[in-house]
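Line by line, the protein sequences are chains A and B.
If you count the first sequence from 1, position 296 lands on 296 in the working numbering, and the numbers rise without skipping.
In short: position in the second sequence from 1, add 1000, done, that's the working numbering.
Treat the hints as calculated values from the structure; they're not laboratory data.
Each residue gets a CB set at the ideal place from its N, CA and C atoms; glycine is no exception.
It cannot be assumed that every hint is accurate.
Under 10 Å between C-beta atoms, here's a sample of chain A residues computed to sit facing chain B [what the hints assert, rightly or not]:
#1 Gly134
#2 Asp136
#3 Gln204
#4 Met205
#5 Phe211
#6 Glu213
#7 Thr217
#8 Gln356
#9 Leu361
#10 Asp366
#11 Glu367
#12 Asn371
#13 Glu383
#14 Ala386
#15 Arg397
Label-pair distances were calculated between CB atoms; the ranges are [to be verified]:
#16 A:Ala45 x B:Val1188: 56 to 64 Å
#17 A:Gly207 x B:Pro1143: 45 to 53 Å
#18 A:Gly379 x B:Met1001: 34 to 42 Å
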Amino acid sequence: MDIGDTPEEAAFRAEARAWLLEHATPAGDHGENHDLADHVEKALAWQRVLHDNGWAGISWPEAFGGRGMRPIFQAIFNEEMATVDETLGPLTVALGMVAPTLMRHGSPEQQQHIGAMLRGEQLWCQLFSEPNAGSDLAVLSTRAELDGDEWVVNGQKVWTSLGQFAQWGILLARTDPDVPKHQGITYFLVDMASPGIEVRPLVQMTGTAHFNETFLTDVRIPKENVVGEVGDGWSVARTTLTSERSSIAGGKTGWNVDLLIEAAHIKGVADDPVVRQGLARAHTQATNLRTLGYRIRSALSMGTTPGREMLIMKLAYARHWMETTDLAMQILGAEGMLAADDEGLRAIWPFAFLNQYAVRLGGGTDEVQQNIMAELGLGLPREPSADRGVPWKDLPR
Amino acid sequence: MNFDLTDEQQVVTDLAGQLFTDLATPERVKAVTDADGFDADLWSALADAGLLALCLPEESGGSGMGMVELALVAQQQGRHVAPVPFVSHVLAARTVAEELSAVPAAAAAVQGAIAGDMILTAAIAEVGVNDPLNPTVTATATPDGVRLSGEKPAVVALDRAGKILVPAVQDGSTVIALVDPAAEGVTVTPLSTTNHEPQGHLELESVLVADDLVIRDPEALDRLWLRHLAALAAVQLGVGEGAVTQAAQHVSERKQFGRTLSSFQAVSQRAADGWIVNEALWSTVINAAWQLDNDGAGALEDVLSAAYWACEGTSEVVLGAQHLHAGIGADVDYPVHRQFLWGMQNSTILGTASSHLARLGKHLAAGSDVGSVDR
Ligand SMILES: Cc1cc2nc3c(=O)[nH]c(=O)nc-3n(C[C@H](O)[C@H](O)[C@H](O)COP(=O)(O)OP(=O)(O)OC[C@H]3O[C@@H](n4cnc5c(N)ncnc54)[C@H](O)[C@@H]3O)c2cc1C
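Only chain A is shown next, with the shape it has when bound in the complex (with noise of 0.2 Å):
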């Protein structure tokens, strides 16, 4: 066991760190970004940036436009990105979800996108859940019948995150109502500019609208659009969802802890034993999650897949989001409700704070997670469920 850097990943981080000094934006700026566009639009330049200087798709396959290193490297680049100012946040759908899936399961015109993808020219979005299908994901009843080279979509999805924004959705629709409701599911690539899509922003209690409603009438897709099989979308689809769990556990250390120091020095709070026992306990959580990273990042570079870590990283960080935003408002008071503030210190906690219902809910709630860690890591029986079996249109509604 070795749990530093090797010489080589020593040397990469020591590149990164010096390209990240010259051409990221420093931190500092703690300010939250709450224009959606504009937000978006810089993550999209930063991803052009980082292309253009060879820090795009690092451990993906050259193939693909990457530069084929192990994963560790991509890990120790994110960790480094996290220092600066820079986010690629409203990429993760693209880079985090649909890329991998595109190269595991995608023909080769769909993995024409990836290319796209690497050089910050495409925003995705994910289209599959429904008003009545969220936890049961696979209960889904958007419709789509084959009329002729084209699929027709009937249906409504919902909690589109950045739908607004995006020229590309991933979508499961059911194609097949006759056999068990896992079975007859096919994933499509949709170009959200299709006539029938209308998207109508939901505006959350932070003020911004993050998602949105999408209302699918008689959309027309091409049929080499289908990624895999027809009826064969629930396994495309669980690479998309291992990879997003991935995503919002990777790349993550955790609160900075230091902001939160600062806060405490600048509140005249620093030498209140409860805020710097909630201080201490922030840092190990932190270390917590740093270690359980490396963790996952040194499986990936052995090159097998880090199931259980990710699982408990996800429920981990989302923890740890809660503890740290609650300690921040314990330090800010009655401040810290307000909206915005001249030491800039509002600007990113009571956002933060207030979305932490968010953090356990996208990418499958904390009690799903659960459930799959009790089945997965555990190896407890699954819950029982009736629907084993019954063709989807024969389901109690």
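Keeping the supplied structure of chain A fixed, place chain B with the ligand upon it in accordance with the hints.
The following block gives chain B with the ligand in isolation, referenced to the frame of chain A:
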């Protein structure tokens, strides 16, 4: 010992419950929140029903009731997250009535407050460490009266207030001045809060207040603060109850995996956790209010216990309710997020869970006489 409400208390509870149910419907609350955050219709209905005069002394035209009755009404308000500055107004009016009723200008303010025509508020939250018992505003004696300088953050209903109670320090002692926001040297800056409750930042630059409008009773601020904590805890109780009720209803109706969500134990137990916290908060709130009515400043430990539950407990309750709604609750057209925003905001405004614990712990460890408020 008897925890049952008296007939009079039951009447007050029912009356308030009916008013908030009828007038603070989710649609109305949304409309008001999207506008200026103050429900003028509800406000006059509360005045007409006599609820703004609830715990004011009878000599001033009030009903002569106490903190228990106030808590019962505040609880109803919280259930409906009704956008009116009920607690700050009634408590400020009570303080003015108790301490300054001999002064005509103050007595007029109380009459205006009872009728709902003049909104009163108290600037309790403090800048910096937010220790309301150690005001940072300074008061200086001059031949014409007292001059106040300093600032107060997060003052509820400041934009509409006709008079503001401002705690300050004069020659080492705590005083509370009744400030007219129209006076020279007063600057009011509206603040945008996360739950959309109208609040303002108050700046005072050598603001003159007549000597007879300054409360000099050294315990008046302790009382005002303790009452605020207890009343706010009662609002939180209602907020939490509203959240759990909505969550229970949602998970009993929504189906996933072919069954109602409530049939998953992880779901029903999370809802039950919320219910348990609400029960604990109910007991501590009623206890704190009753102690305040019967033992005044001796209620410190009881009030801090309630305040702690109202911060730590209620934020867990509203978070749980939000979680159980998952995606649908994240959309602001759906009402449950208001309980979340209120619960979260109220858990920081007059001190936080940790500051209440710190104060209580210090008090207990010092073995102070039960009740005395230490600074
Ligand atoms: C910020 C955010 C962004 C999102 N972005 C996208 C997106 O881009 N694209 C997309 O397709 N979707 C997106 N979603 C949707 C997200 O995937 C769903 O919200 C999530 O899967 C939960 O589904 P639901 O909201 O229907 O909750 P429900 O399934 O109705 O769950 C309600 C509650 O019941 C619990 N529960 C459900 N089943 C079980 C069980 N078996 N055991 C125990 N507890 C259970 C849940 O944990 C939850 O607390 C987003 C959601 C959020 C909050």
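Consistency of the hints with the structure:
| no. | hint | result |
| --- | --- | --- |
| 1 | Gly134 | holds, 6 Å |
| 2 | Asp136 | holds, 4 Å |
| 3 | Gln204 | holds, 5 Å |
| 4 | Met205 | holds, 4 Å |
| 5 | Phe211 | holds, 8 Å |
| 6 | Glu213 | holds, 9 Å |
| 7 | Thr217 | violated, 21 Å |
| 8 | Gln356 | holds, 7 Å |
| 9 | Leu361 | holds, 5 Å |
| 10 | Asp366 | holds, 8 Å |
| 11 | Glu367 | holds, 5 Å |
| 12 | Asn371 | holds, 8 Å |
| 13 | Glu383 | holds, 8 Å |
| 14 | Ala386 | holds, 5 Å |
| 15 | Arg397 | holds, 8 Å |
| 16 | A:Ala45 x B:Val1188: 56 to 64 Å | violated, 41 Å |
| 17 | A:Gly207 x B:Pro1143: 45 to 53 Å | holds, 50 Å |
| 18 | A:Gly379 x B:Met1001: 34 to 42 Å | violated, 53 Å |
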